[in-house]
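*Asks:* These protein sequence lines map, in sequence, to chains Z and E.
Taking the numbering used here, the leading residue of the first sequence gets 1, the next gets one more, and so forth.
Taking the numbering used here, the leading residue of the second sequence gets 1, the next gets one more, and so forth.
Because the hints were derived from the structure by calculation, they are not lab data.
Heads up, none of these hints are tricks.
It does not matter which identical chain is meant; a pair holds if it fits inside one copy or across any two.
When the alpha-carbon atoms are kept at most 30 Å apart in a straight line, the in silico DSSO-like pairs for lysine-lysine are as follows:
no.	residue 1	residue 2
1	K111	K127
2	K111	K87
3	K130	K118
4	K111	K130
5	K55	K12
6	K127	K26
7	K55	K83
8	K58	K137
9	K22	K83
10	K127	K83
11	K12	K26
12	K83	K118
13	K137	K111
14	K12	K111
15	K83	K111
16	K83	K138
There are 2 protein chains.
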Amino acid sequence: MQNAIEEALNCKEDVPIGCVIKKDGKIIARAHNKREEDNDVTAHAEILAIQEAQKALKTSRLNDCEMYVTLEPCPMCSWAILKSGIKTIYFGAYNPDYGVFISNPNCIPPKYLPLAIKVYGGIEEEKCGKILEDFFKKLR
Amino acid sequence: MQNAIEEALNCKEDVPIGCVIKKDGKIIARAHNKREEDNDVTAHAEILAIQEAQKALKTSRLNDCEMYVTLEPCPMCSWAILKSGIKTIYFGAYNPDYGVFISNPNCIPPKYLPLAIKVYGGIEEEKCGKILEDFFKKLR
Numbered sequence: 001m002q003n004a005i006e007e008a009l010n011c012k013e014d015v016p017i018g019c020v021i022k023k024d025g026k027i028i029a030r031a032h033n034k035r036e037e038d039n040d041v042t043a044h045a046e047i048l049a050i051q052e053a054q055k056a057l058k059t060s061r062l063n064d065c066e067m068y069v070t071l072e073p074c075p076m077c078s079w080a081i082l083k084s085g086i087k088t089i090y091f092g093a094y095n096p097d098y099g100v101f102i103s104n105p106n107c108i109p110p111k112y113l114p115l116a117i118k119v120y121g122g123i124e125e126e127k128c129g130k131i132l133e134d135f136f137k138k139l140r
Numbered sequence: 001m002q003n004a005i006e007e008a009l010n011c012k013e014d015v016p017i018g019c020v021i022k023k024d025g026k027i028i029a030r031a032h033n034k035r036e037e038d039n040d041v042t043a044h045a046e047i048l049a050i051q052e053a054q055k056a057l058k059t060s061r062l063n064d065c066e067m068y069v070t071l072e073p074c075p076m077c078s079w080a081i082l083k084s085g086i087k088t089i090y091f092g093a094y095n096p097d098y099g100v101f102i103s104n105p106n107c108i109p110p111k112y113l114p115l116a117i118k119v120y121g122g123i124e125e126e127k128c129g130k131i132l133e134d135f136f137k138k139l140r
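From just these sequences and the hints, can you work out the full model?
*Replies:* In structure tokens:
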């Protein structure tokens, strides 16, 4: 998670969210939120990290990978994760309004349930949450 | 929708799904599913069309745009659409298992409801469905 936090801190104008993907204990992709920087609503840290991991492994099947992300993924990213085959997710801060895996589990269409993955929330929660808090404080 | 159908027919190895985005009656983006072609689980027609529209308009705010897509969007694409600000969606075939807007509306987290958009399903449904049927028949 420390690497994901470092990625979050690389955000310039964007809400600081970072993500890394590991395979066999090695980081194969790292990305941070570039929604504002790239003027692209799809440029969330998780989407960019998945795209990078796919390139690194030359396949879209990320089944043996683990994701570490500083905030509970939004619905868009959650489905991308499910589709990628990633089976283990560690996230930092909870996202009560827009998080899917733990905060709004009813939002998973039943057909996705067989794809169930292991999700661990609250990893380095305080640190991950503080980065976001500090960002929004500055913004105000 | 005819333009979206033409896009769907441009798919090579991929499940044929096409999408166009219009603004002021003019097509500003068109794309087809490239999930297999690009080895990228995020390369759905809608995501690619949104990215193209953002580039064309040099903004991530697509509020005054309309989307035409041959299949009811999956959860990943649905959230991307909601985030993009597109307010009017026309889709062709229904997607009972993975469609969100009409087929699985309970999957929309409550916080997204204020962003409610107009969604019209079943536009040229037969044509859009037949392209998919033909593709899966060939595959078998």
